[in-house]
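**Q** For reference, the chains in residue letters:
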Amino acid sequence: MAITSVKNLKEFSTNNDRFEGAHLLCPGCAHSMIVRELMNCTDDNLVISSNTGCLEVSTAVYPYTSWDTSWIHIGFENAATAVTGAEAMYKARKRKGTLKDPDAPVKFVAFGGDGSTYDIGFQWLSGAMERGHDFTYICLDNENYANTGGQRSSATPIGATTSTAQAGTHSYGKKEKKKDIVSIMAAHGSPYVAQLAPNKWKSMAKGFQKALETEGPCFINTVSACTTEWKFDPKDTIHVTDLATDSLMFPIYEIIEGHELNILYRPKNIISVEDYLGAQGRYKHLFKPQNRHVIEQIQKDIDDNWARLQRREEARI
Amino acid sequence: MSLQGNDNRGIRELGAEKKVGWDEVTQGVALNSFVGESENSAFLKAEERNYNDFNSYTATVASWRIIKPVYNRDICIDCQNCWIWCPDTSIISRDKQMLGIDYDHCKGCGVCVEVCPTNPKSLLMFSEAKDNNEALAGWPVKEKKVKN
Amino acid sequence: MAEKFELNEVEVWDGNYATSQALRQAQVDVVAAYPITPSTPIVENYGSYVANGFVDGEFVMVESEHAAMSGCIGAAAAGGRVATATSSQGFALMVETLYQASGMRLPIVLTVVNRALASPLNVRGDHSDMYLGRDSGWIQLDAFNSQEAYDLPLCAFKIGEDMSVRLPVMVHQDGFTTSHKAQNVYPLDNDVAYNFVGDYVPVDEMLDFTRPVTHGAQTEEDWHYEHKAKQHKALMDSRPVIDRVLAEFKELTGREYKRVETYMMEDAQIALVILGSSVETAILAAKQLREEEGLKVGIIAPRCIRPFPYDLIRDAIDNSSNLKAICCMDKSAPGGAMGMLFNEVSSAAYTTNTRPLISNYIYGLGGRDFAIDEAKRIMKEQKAHADAGHITTNIQQFSGLRGPKLGFYETRRS
Chain G
763 MAITSVKNLK EFSTNNDRFE GAHLLCPGCA HSMIVRELMN CTDDNLVISS NTGCLEVSTA
823 VYPYTSWDTS WIHIGFENAA TAVTGAEAMY KARKRKGTLK DPDAPVKFVA FGGDGSTYDI
883 GFQWLSGAME RGHDFTYICL DNENYANTGG QRSSATPIGA TTSTAQAGTH SYGKKEKKKD
943 IVSIMAAHGS PYVAQLAPNK WKSMAKGFQK ALETEGPCFI NTVSACTTEW KFDPKDTIHV
1003 TDLATDSLMF PIYEIIEGHE LNILYRPKNI ISVEDYLGAQ GRYKHLFKPQ NRHVIEQIQK
1063 DIDDNWARLQ RREEARI
Chain D
5 MSLQGNDNRG IRELGAEKKV GWDEVTQGVA LNSFVGESEN SAFLKAEERN YNDFNSYTAT
65 VASWRIIKPV YNRDICIDCQ NCWIWCPDTS IISRDKQMLG IDYDHCKGCG VCVEVCPTNP
125 KSLLMFSEAK DNNEALAGWP VKEKKVKN
Chain P
2 MAEKFELNEV EVWDGNYATS QALRQAQVDV VAAYPITPST PIVENYGSYV ANGFVDGEFV
62 MVESEHAAMS GCIGAAAAGG RVATATSSQG FALMVETLYQ ASGMRLPIVL TVVNRALASP
122 LNVRGDHSDM YLGRDSGWIQ LDAFNSQEAY DLPLCAFKIG EDMSVRLPVM VHQDGFTTSH
182 KAQNVYPLDN DVAYNFVGDY VPVDEMLDFT RPVTHGAQTE EDWHYEHKAK QHKALMDSRP
242 VIDRVLAEFK ELTGREYKRV ETYMMEDAQI ALVILGSSVE TAILAAKQLR EEEGLKVGII
302 APRCIRPFPY DLIRDAIDNS SNLKAICCMD KSAPGGAMGM LFNEVSSAAY TTNTRPLISN
362 YIYGLGGRDF AIDEAKRIMK EQKAHADAGH ITTNIQQFSG LRGPKLGFYE TRRS
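Listed in order, the protein sequences are those of chains G, D and P. Here the first sequence is numbered in the working numbering, starting from 763 and rising by one per residue. Here the second sequence is numbered in the working numbering, starting from 5 and rising by one per residue. Here the third sequence is numbered in the working numbering, starting from 2 and rising by one per residue.
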């Protein structure tokens, strides 16, 4: 596989973008930062699928496409199946000799939002992972159904207010904790699973490249800060993502072959989750006295999770 | 800038394309990114590609913008932070050098300014109406670090 | 290179086995499937061809029927021949993706072994699933026996992949009565069958990297209507292509199929319109009535459900100078309306000169037997309508149902 140099940003910037502008994503959206970086991680041809969601409705609205590579969208739930169907066709046609250029290198990639990954497309993703196709699934996790006005998903963290799990006089927002999708995917026996963030561009690029290079079904959860539904100024996307990774709300790590866990980013100064929550409108209500216990709960969960990840890294089991 | 040579970047407002009849829409809603056959675009700079009208590269979202980034070449260190984090593929960078802003595709989010590490910044946001030369003429000077 | 599968000149195959052999001979590139009664053996048989080296393509066993069709769509967009099989609940689960396959103009072949839809759960054959697919934009062909369950899939690939069509095609057969009934089948030689179907020619394929293509774009109110109209035109215009392919198949095999099959219609006074494995029952009943009572009964059996053959139904009615009454037999719970065949045939009949009386029977739901005697009773009832000059019963009635007589709607006579 032709991977591109990620030695430094200057080298990396010599790649020719294959994701075009004049898409309809919100100003400051992290989705396109992640997609651009993925597409710049390799010079191979790409066959990409997308579930219905922000990325899909913003990059292929007739008569325009923002994709310079092959791309397909079918429905909300089946990007993993669409791209693995194409991967099966690639294998069949390669065997039969009916490909136009049988030597052209190609990678198969599926994108889904958290709604289509954690919720409605969960079964399709699980099935594709179990079948062992050679593809990489990337979840653009912005922790809500942002495309339809910000409803709760099973990726929405406890305490966030969404349009269907609202904060009010009798509610502090979502009551349930976020689903641990990374562990679930690692439990599928996937050869490479990771959680990555676009502010740490180099670890994200290296993770993408590992996933693309690794034969078999790989899964990556990426934090995609959502200016519209997290409620912060569009210019602050990278700043808010920094707060997410430095508070360890989003730890950056990989799991190889289901057990070998490597932490890929250790903040020099771990910041309080209050700094992260306070930068976003969706958590504003938590700073009221009656809701402070939720912040304490979130901090405790983060601390426990970080301790658990470090133990797993050490134990290698 | 030679990038403007024979390029069809941003020539149409979204929605301004010709609305053809049922007999002329593409079969199965398929959209080709380029005209005819093309080399893998990973090996072609934007200005070397034969973009199809269906490619959003040929459309513009400039009208979304109320503020715009202005780029000051004199201060830039070509770190490429603005390039990696631009959500709209609107930082024109060639051979490790930052060349400027693609105003046809920039939506004015301001991420590039926030991630610019120079002092003073090499990118600053101005009103869309502000003349770029005027903005450059009044560029702020280096800020002294304040010790706490 | 696949192993050669030896075939006899005549085989004893059930409908499922016949269909699976057609898929093997068409050298399908990707079969993505999920098993469901009564179509499971299609997938199992195909799996045995894969396991024993008779198939060069990929066989992907997915986790649901929705995923089966999703995988088929992804595979078809990647530029190769694709097929799958399903029934009933699986078909219902697929419905979302059926519309996507046709809207994306991907010539997938779906072999459907017709079965009732729950609730109540039922594994037996009726036409609920076939009817559920009728607005999905697919071409729908109906096989009445095992031979046709072998012949029609071969034709289906050739029809759907035709450059002027490029639409997905369903080939239906009745659950159990066709799918599990062993009959004599005359297969084609492997090469003859493949050459009839021909090599797959890709259109806008995702694996031609010199022409990157976006599939499945969104269209809103300024584009959606034109795309759907174009798609509908392709479906309506597939009729001459279907006719041509069926004619080519007749030339090759001597077996003649038409978009509407008619039996004994030339002098018929009354006619039954019926689908699937019941057609052969109806023909026997008609023959017996002609012999026993001199009652001139004919049978109209649409082989093509979509695009609906309004033209040929109209011709069948107009060409029968004595036709007075038609009964449309619908093997699907009608859900608050007349049955599908009643509605479609009435539309076609309205444009004829004779405008015969038309009534509707619901029958055979959940695999309830449809016997010759009941067919004859219904035919004689049509004679009574014809003699009276109006429909003497409810227009919609239920055949073979226990309990008090059930019927709805009647002719207004002042």
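Everything labelled a hint here was simulated from the structure, so no lab data went into it. Here the structure is a predicted model, which means the values were calculated and not measured. Take these hints with a grain of salt, some might be off.
A few chain D positions that, by computed beta-carbon distances, are all more than 12 Å from chain P [to be verified]:
1. 19
2. 21
3. 23
4. 124
5. 142
Pairs of lysine-lysine residues, derived as DSS-like cross-links and limited to a Cα-Cα distance of at most 27 Å, are as follows [stated by the list, open to error]:
6. D/22 <-> P/229
7. P/5 <-> G/853
8. P/5 <-> D/22
9. G/972 <-> G/1030
10. G/968 <-> G/1030
To spell it out: a stretch of chain D is covered by chain P in this simulated footprint if at least three of its residues, at any positions, have a beta carbon under 8 Å from a beta carbon of chain P; those stretches are [unchecked claim]:
11. 41–53
12. 66–76
Note that the Cβ used here is the ideal one computed from N, Cα and C, for glycine as well.
**Q** Against the structure, test the hints numbered earlier, and report the numbers of the ones violated in rising order.
**A** 1, 2, 3, 8 and 12
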